[in-house]
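Protein chains in written order, with numbering that gives the first Met the number 0: chain F, 0 to 345; chain V, 0 to 345; chain P, 0 to 345.
Simulated from the structure, these hints should not be mistaken for lab results. Nothing here was measured: the structure is a model prediction, and the numbers come from that model. Mixed in with the good hints there might be a few duds.
Since the list can't tell identical chains apart, any single copy or any two copies may satisfy a pair.
[Claimed, not checked] Capping the alpha-carbon separation at 20 Å, the derived lysine to any residue pairs in SDA-like fashion look like this: (1) 330 <-> 148; (2) 28 <-> 295; (3) 16 <-> 163; (4) 324 <-> 336; (5) 206 <-> 340; (6) 313 <-> 294; (7) 33 <-> 164; (8) 28 <-> 87; (9) 206 <-> 188; (10) 44 <-> 170.
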Amino acid sequence: MEFTVQQVAHILKGEVKGNHQVKVRNLAKIQEGKEGDICFLSNLKYESFLYSTSASAVIVNRDFEPKRAYQPTLILVDDAYTAFSVLLEEYVKVVNFSKSGIEQPSYIAQSTTYGEGLYLGAFAYIGNNVKIGENVKIYPHVYIGDNVSIGDNTILYSGVKVYAGCYIGSLCTIHAGAVIGSDGFGFAPQPDGTYKAIPQIGNVIIKDCVDIGANTTVDRAMMGSTIIESGVKLDNHIQIAHNVQIGKNTVIASHTGISGSTTIGENCIIAGQVGMVGHIHIANRTTIGAQTGITKGVDKEGSVLLGSPALEHKEQLKIFVLMKKLPEFKKRIEELEKSIKEMKTN
Amino acid sequence: MEFTVQQVAHILKGEVKGNHQVKVRNLAKIQEGKEGDICFLSNLKYESFLYSTSASAVIVNRDFEPKRAYQPTLILVDDAYTAFSVLLEEYVKVVNFSKSGIEQPSYIAQSTTYGEGLYLGAFAYIGNNVKIGENVKIYPHVYIGDNVSIGDNTILYSGVKVYAGCYIGSLCTIHAGAVIGSDGFGFAPQPDGTYKAIPQIGNVIIKDCVDIGANTTVDRAMMGSTIIESGVKLDNHIQIAHNVQIGKNTVIASHTGISGSTTIGENCIIAGQVGMVGHIHIANRTTIGAQTGITKGVDKEGSVLLGSPALEHKEQLKIFVLMKKLPEFKKRIEELEKSIKEMKTN
Amino acid sequence: MEFTVQQVAHILKGEVKGNHQVKVRNLAKIQEGKEGDICFLSNLKYESFLYSTSASAVIVNRDFEPKRAYQPTLILVDDAYTAFSVLLEEYVKVVNFSKSGIEQPSYIAQSTTYGEGLYLGAFAYIGNNVKIGENVKIYPHVYIGDNVSIGDNTILYSGVKVYAGCYIGSLCTIHAGAVIGSDGFGFAPQPDGTYKAIPQIGNVIIKDCVDIGANTTVDRAMMGSTIIESGVKLDNHIQIAHNVQIGKNTVIASHTGISGSTTIGENCIIAGQVGMVGHIHIANRTTIGAQTGITKGVDKEGSVLLGSPALEHKEQLKIFVLMKKLPEFKKRIEELEKSIKEMKTN
Chain F
0 MEFTVQQVAH ILKGEVKGNH QVKVRNLAKI QEGKEGDICF LSNLKYESFL YSTSASAVIV
60 NRDFEPKRAY QPTLILVDDA YTAFSVLLEE YVKVVNFSKS GIEQPSYIAQ STTYGEGLYL
120 GAFAYIGNNV KIGENVKIYP HVYIGDNVSI GDNTILYSGV KVYAGCYIGS LCTIHAGAVI
180 GSDGFGFAPQ PDGTYKAIPQ IGNVIIKDCV DIGANTTVDR AMMGSTIIES GVKLDNHIQI
240 AHNVQIGKNT VIASHTGISG STTIGENCII AGQVGMVGHI HIANRTTIGA QTGITKGVDK
300 EGSVLLGSPA LEHKEQLKIF VLMKKLPEFK KRIEELEKSI KEMKTN
Chain V
0 MEFTVQQVAH ILKGEVKGNH QVKVRNLAKI QEGKEGDICF LSNLKYESFL YSTSASAVIV
60 NRDFEPKRAY QPTLILVDDA YTAFSVLLEE YVKVVNFSKS GIEQPSYIAQ STTYGEGLYL
120 GAFAYIGNNV KIGENVKIYP HVYIGDNVSI GDNTILYSGV KVYAGCYIGS LCTIHAGAVI
180 GSDGFGFAPQ PDGTYKAIPQ IGNVIIKDCV DIGANTTVDR AMMGSTIIES GVKLDNHIQI
240 AHNVQIGKNT VIASHTGISG STTIGENCII AGQVGMVGHI HIANRTTIGA QTGITKGVDK
300 EGSVLLGSPA LEHKEQLKIF VLMKKLPEFK KRIEELEKSI KEMKTN
Chain P
0 MEFTVQQVAH ILKGEVKGNH QVKVRNLAKI QEGKEGDICF LSNLKYESFL YSTSASAVIV
60 NRDFEPKRAY QPTLILVDDA YTAFSVLLEE YVKVVNFSKS GIEQPSYIAQ STTYGEGLYL
120 GAFAYIGNNV KIGENVKIYP HVYIGDNVSI GDNTILYSGV KVYAGCYIGS LCTIHAGAVI
180 GSDGFGFAPQ PDGTYKAIPQ IGNVIIKDCV DIGANTTVDR AMMGSTIIES GVKLDNHIQI
240 AHNVQIGKNT VIASHTGISG STTIGENCII AGQVGMVGHI HIANRTTIGA QTGITKGVDK
300 EGSVLLGSPA LEHKEQLKIF VLMKKLPEFK KRIEELEKSI KEMKTN
């Protein structure tokens, strides 16, 4: 996409100083600005870059007074940082929702319905009796099983797989390679040492405004539903097991695994590579540090946990410090033993 | 799918009490039953739900005597729990094997053979000289490289990738996004600091009755085969490196990684986020707790290990308790030092 | 592929002893050799296999003197081990680059250019304005977004997803299910407890000779680029977050996660399941053990780290030993207390 500085200034209610017809295509940091880029200058720490950048346009505060000669066209606004943020958001909205239409070959089975503004990439597959809302963007190689429902303004990037019978809300973004609705890992041991799969006939329900990272997996429930509440943000490579429920606005970082039937409260923050046993509950607003191993439920809201096995965060930090002192403690014990021995023999 | 209660009762050798023609479509827990659902009541703890549920049918024990009025049609059987399990298994068999036929466009290269009952989803790709058994279900976007062999009654869900030359047995289930036969991670350091790939020309052999979770990866051997024996169950996001061998009926949970050339015995149970170094052997019936780091082989069958680095389970639990007491130990050492000092100065 | 022993001997500048017309199809270890295989015998520990193998050909040292009767045709060379390595490399080159041509149906959007020797598998998708070099191999189900650039002799295996605007160098190998350019995990907390996505408008730059494992993910930068320098080798299931930079010839094993904006030096060796916080720098030639948790930057080149939280390797090993002695330390403290008590009361 290409805009004139004049067009950008119009969106930002700003004033152009320089060539109104200069064209911009990308947003960039001022220290990395190239021809065709639009940047911003807010913190004067970066002022020197204005005089050296080859960016085509720079957004500056209205009261900014350049001290030297500069190349770019300026756009004067009340607050350059805020204006740039607005631009970023507009840009990403345009980019993410720019695709539309149905590319061929794609596959749509019977009884599927979809709203206006659909993008269906080539090689995307839609099963029977699927309901797709307005303005949904389905990239190439997405698989949507039978009886799936997808809300408005949701984006499924290339290679997302949604098994039959799952629900995905509105305003969700699901990244490439994520798998929604694979079988839960449930096997009953048999007398001869083999295992028999426990049928997994439930589904996955993903509410609105959920973001799911690349290659993350959410298993279907054994019966009932694995539920991801609205506003949840999942990073890449996360494992959500069968019958898990994750409360509103909880954020989970990469490589974390939540075992079966565990329920997590609202507004929790869970760092990367955390592991959680099954069948426990984590209270609202719990914060969990990276690589923590959660072996039992958390009752108190606002808890902060760290370590494997997990302890209260401050207690764990003290123990980490004391572990480093183990060689010293060993010496001190030896000294004490020596003293006692001397005292006894005297 | 839709059945009359009469049809279900026939399968279960049960007796219908109420409307024989009521139709059911789904199986559900009695506490979540909706119109069209069939549930069961075995544990009388849940009896009250019978009187409030809007489920269409409930399976109960023959000797059950309702105390109040209820809506659903009942199916009377000898053992309601067992009957429901039978129903679950029949249901999932029907669902999993319901697809058949070859959807278009799909791609089948030369010299490929396949048996009766094949389902080949649209956009599935089959390479040259592939052998596919009876009743195999290959979902959309599956990739099967040249010279692959797949046994009877195996299901490959959407997006599974099987590299050239690999073997997959009968009665296997491989979930979406799993990768079988990618190159092993082998690189020889060169004098100039770069690395040269060590050719990985082996394959992967997956025996019968193996389940593989979503996005799990099994690397091909450098030479020879990476081998997953029959009855092995792998959860999601697992990494099996080149030349690994996993013994019969071993179960491994999510995010666990097994390094190159390690061999694991039969009937082991390995929890999530476990890491294992390469070139070791793990004895049969070893149990390994979550987040454990295995740095050396396990000789004794039936061992139980925990922690990073791993210790015998009970020893590790004791150490976890003592770690929490480090602040107390520190104090006690200080007290002792104080006492000694006092005694010496007196 | 099938060669006569004569053809193989020609490549290796070797001498055939036996039937020149025997045909070989595979390379194998001598202890696993079957009809159609070519093996080597260098270490005489394996000599007995020569007399029992059903391999069709065996490469031996020129000075080797068989003691008993044997079946295979021999190829005599100066150094059997080196000759076999040469063969391995030739074999893998031929296998990896054997595919060429454009299979149908595949999808190429407008303004895309590509060089000689392209393989484009069926169901591969190429967006607008993509630049593809010479001899590139793009397997089925690969997705390449708009404005992507790919260098010469690069292989993208089945199901690789490259988001719009990313660059991939020459001589790279990217394995099945890897995702390049998914959004960075950046969300700004809002006063009402929800999170707002921070636009991720940067890209990913992958330089030359980079290998990326199956299902590994590399997120695009928020602005600017996530950069993987030349010669980097990434195993399976790795997470590289937004704005990370990884220096030349650094090797990272499976399940490791690098958080946002962290920069890693050259020639580092990072084992599996390592976690790293964001916004730190790791010095060149740092070695990090498996399951390590890196919570702060590493200044000193050639550092060796282990544990969670990480310590210098030798210090950590000492502490691991002392942790196992905690029960003993507890006893010794108790004994000391007892002694003191006795001494005081006397």
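Hints and how they fare:
Taking the closest pair of Cα atoms, residue 330 and residue 148 never come within 20 Å of each other, the shortest separation being 66 Å inside a single copy and 61 Å across copies. Within a single copy, residue 28 and residue 295 get their C-alpha atoms no closer than 45 Å, and across copies no closer than 26 Å, so neither meets the 20 Å cut-off. Proximity of residue 16 to residue 163 under the C-alpha cut-off of 20 Å is found in neither arrangement, the shortest distances being 56 Å within a copy and 33 Å between copies. With identical chains, the CA atoms of residue 324 and residue 336 are at most 20 Å apart both within one copy (18 Å) and between copies (16 Å).
Taking the closest pair of Cα atoms, residue 206 and residue 340 never come within 20 Å of each other, the shortest separation being 69 Å inside a single copy and 65 Å across copies. In the homo-oligomer, the alpha carbons of residue 313 and residue 294 lie at most 20 Å apart both inside one protomer (18 Å) and across protomers (16 Å), since each shortest distance falls under that limit. In this homomeric assembly, residue 33 and residue 164 come within 20 Å of each other (Cα to Cα) only across copies, at 16 Å, whereas the closest approach inside a single copy is 48 Å. Taking identical chains as interchangeable, the C-alpha atoms of residue 28 and residue 87 lie at most 20 Å apart only when both belong to the same chain, with a minimum of 12 Å there against 47 Å between chains.
When the C-alpha separation of residue 206 and residue 188 is checked against a cutoff of 20 Å, the pair qualifies only between copies, where the shortest distance is 19 Å, while the shortest distance within a copy is 35 Å. In this assembly of identical chains, the alpha carbons of residue 44 and residue 170 never lie at most 20 Å apart, being 38 Å within a copy and 41 Å across copies at closest.
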